[in-house]
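Quick one: dock chain against chain with the hints and give me the complex.
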Amino acid sequence: MANKLITKEASELAREIVTIGLAEGASEFQVKIRDTHANYIRFANSEIHQFSQDNIRELKLVALINKRKGLSLVVPTTDGGLKKSIRNLVSATKVNSDDPDQLSFYPTGKAYRELELVDESFKSWDQEFMAETVKKVIHSAHEVDSSVKNVSGMLQTMNHKFVLMNSQELFLSTNQTEFWYGVDILAKKGKNTGRNSQGETNRFAHNIPFFDLAETAAKFAVLGINPVKLESGDYTAILDYYAVLEPLVFINLGLSGLFVKQHRSFLARKIGQKVFSNKFNLKHSPFLTPLVTSKSFDDEGVPTKEFYFIKEGVVESLAHNRLTAFQMEKEPNGCGYESERTSFGIPTATLLEPSRDHTFEDLVQEIENGILISRLYYSNWANPMAGILTGTTRNGFFKIESGEITTALHPMRHTTSIFEMFGEGLELANKIHQPPMQMMPGVQSIMVPALKTSKMHMTTYAN
Amino acid sequence: MLQLVRRLSNKFHSLYSRSLDESIMENLLSNIVDFALQHNSTYADCRYVKDNYELLEAKNGSPSRLSDSCRSGIGIRVLLDGAWGFASTNDLKRSALEKSLKIAIKIAKVTAENTKTKKELCSEKIYQDTYHTPHKIDPFSINTDEKIIPLVEGTKLLIEQDSRIRNASASLLSRKYFTELVTSEGTHISQTLIQCGASLTGMLMAGPGGMVVRTNENYQAKGFEFLDEFDLYSQAVTTGSDLKILADKAVNAPSGKFNLVLEPSHLGLAIHESVGHPTELDRVLGRETDFAGTSFIQPSFLDENFQYGSEIVNIVHDPTLTPALGAYAYDDGGTKAHRLSVVENGRFSAFQSDRSTAREIGLTSASGNSRAHGHDRLPIDRMANLYFEPNIKYALSSLDELIEEAKSGIYALYSRTHSISPNRSNFQFTTQMGYLIEKGELSKPLKNVVYGSRTLDFWKKCLATTKTVEIFGTPKCGKGNPGQTIWTSHGGSHTLFEDIRIGA
Chain A
9 MANKLITKEA
19 SELAREIVTI
29 GLAEGASEFQ
39 VKIRDTHANY
49 IRFANSEIHQ
59 FSQDNIRELK
69 LVALINKRKG
79 LSLVVPTTDG
89 GLKKSIRNLV
99 SATKVNSDDP
109 DQLSFYPTGK
119 AYRELELVDE
129 SFKSWDQEFM
139 AETVKKVIHS
149 AHEVDSSVKN
159 VSGMLQTMNH
169 KFVLMNSQEL
179 FLSTNQTEFW
189 YGVDILAKKG
199 KNTGRNSQGE
209 TNRFAHNIPF
219 FDLAETAAKF
229 AVLGINPVKL
239 ESGDYTAILD
249 YYAVLEPLVF
259 INLGLSGLFV
269 KQHRSFLARK
279 IGQKVFSNKF
289 NLKHSPFLTP
299 LVTSKSFDDE
309 GVPTKEFYFI
319 KEGVVESLAH
329 NRLTAFQMEK
339 EPNGCGYESE
349 RTSFGIPTAT
359 LLEPSRDHTF
369 EDLVQEIENG
379 ILISRLYYSN
389 WANPMAGILT
399 GTTRNGFFKI
409 ESGEITTALH
419 PMRHTTSIFE
429 MFGEGLELAN
439 KIHQPPMQMM
449 PGVQSIMVPA
459 LKTSKMHMTT
469 YAN
Chain B
12 MLQLVRRLSN
22 KFHSLYSRSL
32 DESIMENLLS
42 NIVDFALQHN
52 STYADCRYVK
62 DNYELLEAKN
72 GSPSRLSDSC
82 RSGIGIRVLL
92 DGAWGFASTN
102 DLKRSALEKS
112 LKIAIKIAKV
122 TAENTKTKKE
132 LCSEKIYQDT
142 YHTPHKIDPF
152 SINTDEKIIP
162 LVEGTKLLIE
172 QDSRIRNASA
182 SLLSRKYFTE
192 LVTSEGTHIS
202 QTLIQCGASL
212 TGMLMAGPGG
222 MVVRTNENYQ
232 AKGFEFLDEF
242 DLYSQAVTTG
252 SDLKILADKA
262 VNAPSGKFNL
272 VLEPSHLGLA
282 IHESVGHPTE
292 LDRVLGRETD
302 FAGTSFIQPS
312 FLDENFQYGS
322 EIVNIVHDPT
332 LTPALGAYAY
342 DDGGTKAHRL
352 SVVENGRFSA
362 FQSDRSTARE
372 IGLTSASGNS
382 RAHGHDRLPI
392 DRMANLYFEP
402 NIKYALSSLD
412 ELIEEAKSGI
422 YALYSRTHSI
432 SPNRSNFQFT
442 TQMGYLIEKG
452 ELSKPLKNVV
462 YGSRTLDFWK
472 KCLATTKTVE
482 IFGTPKCGKG
492 NPGQTIWTSH
502 GGSHTLFEDI
512 RIGA
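The listed protein sequences correspond, in order, to chains A and B.
Just so you know, the first sequence maps onto residues 9 to 471 in our numbering.
Just so you know, the second sequence maps onto residues 12 to 515 in our numbering.
I should point out that these hints are in silico values taken from the structure, not numbers from a laboratory.
All the given hints hold, so there is nothing to weed out.
Calculated pairs, EDC-like style, for lysine to aspartate or glutamate (alpha carbon to alpha carbon, straight line, at most 20 Å): (1) B:K471 with B:E355; (2) A:K102 with B:E157; (3) B:K117 with A:E136; (4) A:K169 with B:D102; (5) B:K347 with B:E135.
Per label pair, the in silico range of CB-to-CB distance: (6) B:G267 with A:L123: 54 to 64 Å; (7) B:E481 with A:K237: 31 to 41 Å; (8) B:K404 with A:K197: 47 to 57 Å; (9) B:K450 with A:K287: 52 to 62 Å.
Even for Gly, the Cβ is constructed at its ideal location relative to N, Cα and C.
If we strip away everything but chain B, and leave its shape as in the complex, we get (with noise of 0.2 Å):
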């Protein structure tokens, strides 16, 4: 029998375990890119990837799930008569990465034939480089052992905490995204996004119908330092005391007009979804209306200094940022990454694009925001790290004094639910819990808090911000279609809107 298994083995390690050495890969992407000019492209690019991930699970003291896959193959791409073609494979053979690219030629010949917008790039740098984001420990060096016993005890100490926690469970998630990208302009890159989180959920049964629910959640480009540093027992302790505040002592969020002060987690999903989206220039080119929406911004708004919020918001698009979980040196179209003003002293400043997208409107270098979630995916315009970088000159030093600012309304905490819509115009969030501001000071603890508004309106009520910017990552960001999911950063400081209405 081991006999067997043994040459079971073998075969199996000759059949597929074609593992490519960097300089065999390198020149295989190469060859592609050639045939590709070869053929009458005016550019091509051939992404590899390979992408790591592992999911870790425990519940209520014992370990529930372990999970890991690992994704690799390689997108072809190329521009011919002013038209793109894209082909992917999972099969690393020469014959089948000849055959994806004749496919790829094959659409963008197609696709040129049935297309009047002739499809050009704006000029970019070549590069050839390597980046790692920065880490201490590689999550995938660390057995299995030593990443999932914080995991059971940290829900262990969560269902401690209070007799009526039903479920504790917590996860930790761990990726090595690698991708090598050579294009026919002879930049060739290659970078490794080491990332991981972790999230702690409790759920309290508080009476009939009385279910309360907390999560903590974060996610950062950084190795498996970052499960100390979130420190799940610290969690476990917090997320605990919350749901017996929401059990016990919460009361229906009131409806109204109120002042709403937000902390910085939530802000982010603000961001991600009223400014973060609509800035997407595909988005703003109808180019997602039939699946993600469209956007109330429009081209010219670059050119007429157009007010998007109150003086003191500024929004920032930094994928230089580490340890932001949106962390790249360079967008998966080659161009660099770097710091961007979206929104700058209230006036919208840029769009999020890519090469292609930004030529169109007449820009002449693009964003860097062009993302694929893998090698068979086209790249699109995304967002990356995304966050309110609050003015120092007018910002205050604590929340305190923001909640004393504010003298009444309610601050929110943590988000529960959102709803936004096609062009992004309008949305309705909920938090998990919040709190009451009377006479400048917190009061009673509240739950159930949703408040909407127009996505302008609400940005040109921002009257106040703290100094200290917190940055919170997200693994969920859908987009496209077929589907693709990305990983995002959002943030800021806590902040303050006046006039806002809560309740659904």
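The shape of chain A in the complex, shown without the other chains (with noise of 0.2 Å):
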């Protein structure tokens, strides 16, 4: 079988190691072979302080054995060897008693897909070019003003390969790269100090504007200079992109099929229900590119394919692997997500249609007193049915009056209901961003455009 994503060697190695499978005893034999190659640069206090890489090949096998399911993640250089593991894996997972809900691997018959997302630039962000671009990144950001003190953050560059093999003779491969960038800036003029940061991450390094991240981290720290308090009560605000990022985490997490099935979900009981303002569009995306997380199949083999989980406000579709769309009779949409530890299914590319119209500055005209918050932190459930959330403000929060982002604000907790947060009165900006991931990196991407909500409840000083 042709493929040319990935090693002669690996293809090979795949091959083998099913037919070992089988020939230990189990019924299905399953593996994926993963090789990645990362650099990762961290800067704090206007330099360099941590510079590393991995080179690490990876392999996940996963054994059926009369609809009884084993799973196991090893390296190459296990002692004992690989067959050692294999076996193991087989006799343990002849002990699990029968359950009916294990599916046999997915397709039956012949399948072949392959997938290549790679930045053609990307041999040349070697450690001299990312260290090159990190000293710029720090220049760029000490350029627009003197009280610019200390500029942090990290550069990641990360090549991907896998071969996906089953005895179901389903092939898949997939080559793909990624770049995840972060800055944080802090301004300081006598005692007072602003922060801000900003960041994308993107399959493609020319769609990360580098140097215009850092300007405008470091032109909103200075603005975040001598914060004043304020009261706390329900505001009108903006949420910019950073911000949205965390909440649309949660909402994810309550699209899974199998919270919902076990009623874990602030969603449970809300499928079909209009849940948000009919401006909320939440769309799976796997063939968006730029995500860092698009893909042509999950990780059970399954294709995915675009759809609606929320539109115009109302629960359409969950995220299932194969076991809950199979209990929820549904089919299943691609969204198949397994490791070692867990596996469930979950959105693991989305996006937040933005508007076609409103510009950020068009949402902070409509302002007439409210705020702004740049970034949330620590975002957790306060009631997890009832869908109340809370998290902290993070690295600019500023006061908006009469349209114009006015007076830096000192850091507060806010404890808002999800349904409020995104409901009437919601307002989406134009521009599309993919902020960083700070929960459950690998496993979903988001891209989200900043957006106007009406009722954020901000209750105490977080400083």
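Structure representation (structure tokens):
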């Protein structure tokens, strides 16, 4: 079988592993070989302080025996050899009692798909070029204002190659690049400080405006000096793109078929109902290639497709792996995620659709008296089933008066109903971003616009 | 067919069973370190890690998941011209390691050219030692049947507690974490950490929108004997009882200012988030600014006798404490682990540091907190076993006495969710359940207990504790970018705080 994306050695290895897995007694056997090559530069206090490189090969082995399933993650250097690992896995899988929920591997019959999403400039991103880019980022931030004191952040370049093969003759291969960039800037005048952070991830470096983001962060950091206190209460707010990310992660988790089936999701009793503003459209977008988790098949080999999870505020679909799709009598929709610790369906590549007309500046101008939140930190449920989310502002919190960003504010905690956060009064900006994920990186990625919400409930000072 | 398989198996064995015996490994690591010195490194270390991890799960009386992993590889760290370089690989061929070393050296040179602050190390003794966490039964020596049966039976028993319990799940996590560290200073340490943990979760459907959840879990540096001590059967009965209380009797917690009593496992979370992270020195120095966050603590606080809490607050860090989950004898930079008072009689007294960060603020020795989550990550400043140590002279004998001391307020039990500000100065936690305290006694059961405070206000309002310390392990502490998850443990005794804000 022709395969141009992975090495012949990896293809042959996959085939050999499946053969041995079957010979050891598995009724079905699957292997995923993943090669990762990554460089990470972290910078802080306006200089590089950590620079590292990983080169890793990992094998994920899955055995099925009479509807029993076992999963093992190993590297080729395991003591006693890979064969021992396969034997252990097969033996352990036999221990499982019958579980009628387990499914045969996907698909029956032959299939072959491959996916290449590679930035052609990737090879030029060697250590010198990465260091030079970071140096320029630091320089461009300091150029904005003499009050800029510390520039921190991370630049990561990564190349994943994997092949997935199973005894049902499914054969998939992928070659993907990924760039991860975040910059965090501290400005200081006397004892007063201001901070701001910006960031983007993308499969293609040319989509990330490294220096523009540094300059934007620097400008907002300078604007953030001399904060004043805001009274607690309800506010109309602009959530900049970075601040939209964390609530969206919680919505994505709530859309998991598993969590809905177990009644652990705040959306469990809301399927088919209107829960948000009719301007809220959340789409599964696995073919939106800049998304760093865009893909043509999921972890179980199921082809992905585009569809709406939430359309005009109504919950239309859930994210299923094959098991919850089977249990809830739905078609699998390419959202399967599987690791050695867990497996479930989750929106892996989502887009919160932007508006066609409003710019970020338009949204600000519409507000007579409100706030701008640049980023949120440590979001978590205060009441999971009621959809009450809490978190603090991070690196950029401002007052908006008569359509203008006027005064820096001290960081605060909010505790807000997610239904109200994205409810009536929602307006979205027209430009989308892909902020770096802090929660579940590599599992999901999200493109979001900035937005205006009619209610953020600000509670206590967080400084 | 059999012949074909045998042939392939043999081929495999030769290709991938690169099982290295100890002497070969030691030589390999030493050679790489020597090679680094020949290339003008002032310091180098080579760390081989083999991480065996097994997770067994049962759900509603049946086995539901069995997975294991074995990750191994080598991380090479060099200090050259005052800058670190780090590269890792899981290809253990000499040629691959030499290639990784060259990358680490190149990275250090590139970093040195772009960095003004030169990194140096505190002095540390040279050690040649082997360490194993104490354990009776290696969990990897037990067959899967024996391990999974208690999980199956435990979930079956939990389901039987009430017909409304829809989901009962249990897990057993076993880990054998082996490291071999060779440094250019002559240190050579082998450590084997055996760790086991279990959890039991029940979900009870109590009418529309009324799902209630209880989880009991603990993780320790112990062998398979841990599972007997955890006693899933007793846990199943307790969990079932708690679920029924939450569904049938508990009322929503009131809002306002109340005295608050925390049970030890939840106190552990408060310590982790509001004392552990802010006193990690790399955070204080701004190295985690872009991701995990900063700290309200400044280096100067060490000399200022800074008041962190009331006089009864004593927070101790001690990786030598076994069987606490964060136990080790040496950190990943070769510093010997030792007991450290982080807060003593309410005063801030020590940072959690490594040899590089400690030197940066002028300390003469590191605290032994340099930890990496695997071979492929740079060690950074991380907590291990951090807990509240009551002053026996003033501590009360029992929980009953403490509740009596509180007079009125809320008794909050078992962590549910948490949120804390980037510099760790403000937090809000929720617990799985609680009880109202009235007239010095426990009264109504509570659900949806939410409380919050500024960190320093909270610890300064610490009024009283009981004597008995309980430590709980968690395998979920995340920090660093790229992310690193490490295993820690925390706890203390039952502790009373006055005048805390309850409600979201």
